[in-house]
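*Asks:* In case you want the letters, here they are:
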Amino acid sequence: MKEHHLNDIQLPEYSLRCHKSGVTASTFVEWPSRSSVPILITGDSSGLIVLWDLIVRRPLVTHTLAGGAQVVAMQDLGDGLIAILSKDHKLRLLEMTAKEMKSLAECTTSFEAPQQQLHEIYEVPVNTLNFANFVLQKLNKGFYRLICTNTQDSEAIDVYQFHLSNVHSLQRVFRGVTFGGVIQKLATDPESVKARKLGIVMRFLEHQETIYCGFESGLVVGFKIHDLDCERTNIDEDADRNHNTCIEIVYVSSVHYPEPVLALELNDATGEILTSSTKDVVGIHPPISTQGAIGCQSNFFHDQASSVLIRRDLKICGTNFKKVPASSIGYLAVVNGNLVASSWSGITYVLSPDYRVLVTMSKSRPNVFVSDSSQGSLQGANEEKTQKRHIKVSSLTGISPAVIQRFSSLDHQLTRWQGQNRRMRAFAAKSWCIIGYDDGSIAVHQI
Amino acid sequence: MSNNSLTFNELRPICIDISRLAFQPKEVFNPQSLPLRDALAKLEAKLALYEDASIQPNLADYIFIPISSLLKQESLGEAQSSYVLLIISHLLRVSWRRDGMLAEELAQQLLPLLPFLISRDPTNDKLEKISQDCKRAGCYALYEYSKSLAQQSYFPQFFSSKNSRNLTALAHSVSVLLTILEQSSKDWQTQLVILDTLRILYCDIVKDGEVLSFILPGNISSFSKVLILPGLTTNYKVVIKTLEVMKYLILLVYDDLSLNIHDNRLRDIKELKSLDGLHEETFSMEAVSIEKPDNDVRNTHRSTAWLRATSSQLRIALERITPKLPKRSNIEISKALVDLASDLLSRCAKSLHNCERNLIEVILHCRMDPKLQLLPHTACLRELLRDELSHINTKIQFQNVDAIRSLNYGLKCLTEITSTDEIMLVCNLYKSALTSIESGVETASFNKLGRAVLEQSSNVVIADFSGELINSQNLPAIFPSVSKELEETLRQLLMTAGGLASKNGQLKAVIQALLSDQIGQSMITKAIALWLSVQMILTVHEDRSSPEYNLLNLDSAELDKEPCYDILDFGNDLAQEIVTCTEGKKLSRLSEISLIVIINSIETVCRVLGSEFSSELVDYLYIIVENLASPSPTVRQFAQSCSLTVAHVLYNNSVHDMILQNVDYLADSIASRLNCGLTERVSTVFMVISKLAGYETIECFKDIIETFFKFLDYYHGYDNMCLEFFQLFEVIALEIQKRYFTADATNHHITYHSDRHSIGSPWGITNLQQLLAIMDKESPPEKDDTIPTLEKDAKNFQEYFDSKLRIADSDDEDEDPTTNKQNSQDENKWVSPIPRDSYRILLQILGYGDRLLTHRSKPLKIQVLKVIKLLIPMLASQYNSFLPQVAQIWETLLFCSLNDDPSIVKSTCDCLQQLILNAGDFITTRFLELWKTWQTKSSLLQELTIPNTNSNTTIKSIILHRKFPTITQIALKSLTQVLIEGMIVSGLTIPDNISRQMIYCCIQVHPWKSIAARSMTMADTVHAILQDNTL
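First to last, the sequence lines map onto chains X and H. Take 1 as the starting number for the first sequence in full-length UniProt numbering and just add one per residue. Take 1 as the starting number for the second sequence in full-length UniProt numbering and just add one per residue.
Just chain X, with the same shape it has in the complex (with noise of 0.2 Å):
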């Protein structure tokens, strides 16, 4: 009776289930001094957040926000911090303290995970009538930086600073910058790209300080952010920062264009930046050799509205991309070497670091269809084809044995069980993907 089902398709080591409605965000975090053991943070369509311990799998801590939000992304601040940002336009700072993680370690018993808040410490609306993640920088002294979209212009980016300690400390550093112009004025060859407008923005990802961004054009534009002068970190202080800080494009590329970009990761493999779009390639982005300080503005275009500065030798890359077997990739995550890219279509594939398909993973559906709708099925016909053979993938992580290692380490052992400690290794031995479903099913494949 196996064969009809199997198909070649991976089945899940284990599933996690608590989430009622769609899996929107995951990410690993890795919390050595509060918790030994490895945890998941996964969001979900109606703003449940639930920190999961991958060895006992039970969810040690559920949390809701407030007015039940869709979560869209999520970022690990370490020890104990995460940020957490919601359609309902709000960035969170949520906290959970070390003796509450020990705490909870000793309940795992029970199916009924402890309804506990984490604790909100921080709070910073964003606008997210887009689809975009954001990016949190820890600068020095307990400041942060978060790179997110513009207030009014789904299409511009912000830049804040904040510190945890004061609520009203946020600043920010710069407002609705855009790069449309300024990319405009370099001389390269595809005309495609002399598009003044870039779309809104799609995804950020941060990697050596560069941060990227990738837009609903295509581009992907690679930026870092310098502060002139260090010493003065102070920003209450500082009157006229613009004059000291600036934006500079260090990288852009047109590999998708005109297709949005869905998916931006890193390879920490190679060093490189992944990209996906609705066609059926992944773009490669090189790692940036690292570039002088800012010496002679006069190498330099300078867009003065929006303080950006970009090399005037500045090539825009276009062809460096690798073909897939699927388009509209949603999601990629580099588990051990190897890509996890999960498609709108519902399957996720992993392929090996030259591309072939090792396995592919999926969630189908009942045959049967049904419709809530008053109209019923007697247009079925159509309705059935627009309907998905698959379950929609609604978030993707990967976890490479590197990452959990330190969690087998001796230090740990002495607080767990034996039996704990063997799983503890067994997991830490193998690579992980994880997929969060729409149906609220989380799957944790072994790689």
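Don't take every hint at face value.
Unchecked claim - DMTMM-like mimics (lysine to aspartate or glutamate), calculated; alpha carbons at most 25 Å apart, straight line:
no., chain 1, residue 1, chain 2, residue 2
1, X, K20, H, D802
2, H, K691, H, D719
3, X, K20, H, E696
In short, the hints are calculated from the structure, not lab data.
Given the structure of chain X, go ahead and fit chain H onto it with the hints provided.
*Replies:* Below, chain H without anything else, positioned relative to chain X:
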């Protein structure tokens, strides 16, 4: 008058009587004389009354005078001799007892005389013919004699080697005594007297090993003859005493110290080095030798050669005796035997080194070591255990529980005393036990080859078994070839073996090695290996619960629990193997045994691990819970015991909590089973957790419910599986009902009805055609669903992107999207108390039910109909979404209602009734069509209608024209109920004549009053019919 003279006066006449006969000349003396016998008897009786040492020696001498003269006669009758012997024994007792009272000459005379009196034959050959009375008397006499002799001051020289006459007499006496001992198996008192006599002679009087060494072989041979008599022939007191005397005798003769034994055996390799040049000599040498001091010139009997010869004979004797005696299971005998063995081991270790093994065996068999003799003989013990453990298969085969217990005792002792690595021992035991149990199980199951495990109903409800508490003690034996007692004994033995391995820190390695050896072996071999391993780890548990453990306050981390996890892993793999190979088949006997072993191992490990086991539930709870619904009653029993143990250890004895708090684990196990294509019992377990956890929790498991649907896509041909699934869906639907639909459900229902009836049809239309006309005009539904109201309504970019594409596609359409949207929003406004997602699950169940109604299986059909009936009121709570479903399911139900089977018709009509009740006038047209169809095709309805029913002419009866079986009657009731409900909702849309026909059908089944009470129109018709009928 003194006591003495009183006595004298009493005895004198009797003595005179005897003298008269005794002093007769030889020619006239009749040895068989009865007067003599009587006189002697009289004297004996008199003397017997006197207390010990109460008669003066002179009086005794006086009494002895006639006796001695009797003895000088040439012969004496047997009875007379007996009395003489008794009298002598009395004299020895009452007078010649204390030191100096028994003159040495008298003693010298008596010694040969007493055996002579018993039998004049010097070879003891005729002793057998002598009466038992006489023998007994002789024994008493010898007993009293030796007692008195032991009191005399001259006794140490009495049997010295110079006094050879005495020695000869002694030898004869002893041989007589031994012969009588052998012959008196029915007279245990005499035997005891003999043994006492011998003991006094050897221990109190002779005491010289050299002297006794001459008579030792005879003694040993007689003793063994007594001891090895079959069964209970020999009285246990005799056995004990024999062993005691034998012990003293051997100790006196073979004592290491007095023999000055030198042990030549190599104890250490270093000794060999020092004897480097003497190789040849070393190996030709005796193991032990008797060293004589150089100055001792005496030619002693006990030489090295003697030792070699006698010790081997002694060993043979011991080998014959020792295995027999413990079988009598008499604690006293065992004690005596162990006493013998221990003393021999401690004092004759060198001289009797050849008996060491035998003696150790004795200690093991009796399972006691009061003198701690196993410690100095560890080497021998180890060797013995090694041999025995590797031959444990025969013991298991013959169910020799005692032998295994003894082994366990030995192994326990070894564990306590040894400090060396004994892993081989454990491994041998393991392997030997494995093969023997395996062959036993195979034979046993081969014999019962035809016997398949009794299949139970798949619908075993497992939530309620708290009543029948299962004690693990009462569980049946696991292996058919191993009795419960043997199982318990083996358990103990393996536990000890585990303790031994654990002491050396090797338990983990041993278990790992043994389990990994099983790769590729058969299922039952693996199961047995698992069972053996589990018993070994029990030792970890025992250690912890022992008082010593508490005393030492050992940290639990120090206990190596690693093997527990290996065992769990192994059991898990095995369970997977069984599940895969039994899927869709009947449970074989071997699989059943293996499952029991697995469940039992989980239970044991849980007990050992305690609260630590909670981290393992994720993998193992499902195996337990699943088998609570096993088709095999034995498996169920073990699973119950196991779940109670887990509940006891982790959940405060609540099985309910155990399941409830782990529904996530169970659900995930179900999901992975389903993903692998395994359906057996999966739905049952899901049913149980649904019932226990309620819908709130089940909502998280939507994806699993979907998996069940997917199964129906592929395997709708398997009616049993479909039936099980629909039983599950029924539970899920009930849970949804419970969660969302209880309190305010009725209100809800009522508002809907009142809406429809008071205001009229929702869109101002009255029939289906109008509805269809409206729907045809509307734009395709997918457009309504997907046109985004605002950008922010799209959950993610994918939806946004897709919708953009669709807008582009639909640009050419004329419809005004906003009004359309408005319209559809109103209709699709969610009003049901059931959330949309759950509602869709119900729809899905309905959809699959609709499909499966075409299935041939009757039970499945009825189950599906039952579920559909349950779904209808819930689906109706979202009225707008409900109507399309009504339209869809109607035809299928109509088809089912035409079935020939009344029970299917009944269920179908119940559904139709619900449908009409909830859908209201929406179905009016359909209802009229249904009537037409029924009239022509329903065999059941035709029972009620009379041919040519043409208005009011032919109606004759308002009762059933014939008696129907109950099931048909019930079906008729349901059928007519549909008509009644249909008439109510359709109201005046039904033409009068049709209405009349319908009511005529109903009136035959239902009381007319109840029908008339439903509506005015119906009441009119009812009365019209009644009137016609009475006319």
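*Asks:* Measure nothing beyond the straight line between the CA atoms of K20(X) and E696(H); if it is 25 Å or shorter, mark the hint as holding.
*Replies:* holds (10 Å)
*Asks:* Going straight from one Cα to the other, do K691(H) and D719(H) come out at no more than 25 Å?
*Replies:* holds (24 Å)
*Asks:* Hey, K20(X) versus D802(H), does the alpha-carbon distance stay inside 25 Å?
*Replies:* Holds: K20(X) and D802(H) sit about 24 Å apart, inside 25 Å.
Going through the hint list in order, the structure satisfies each hint without exception.
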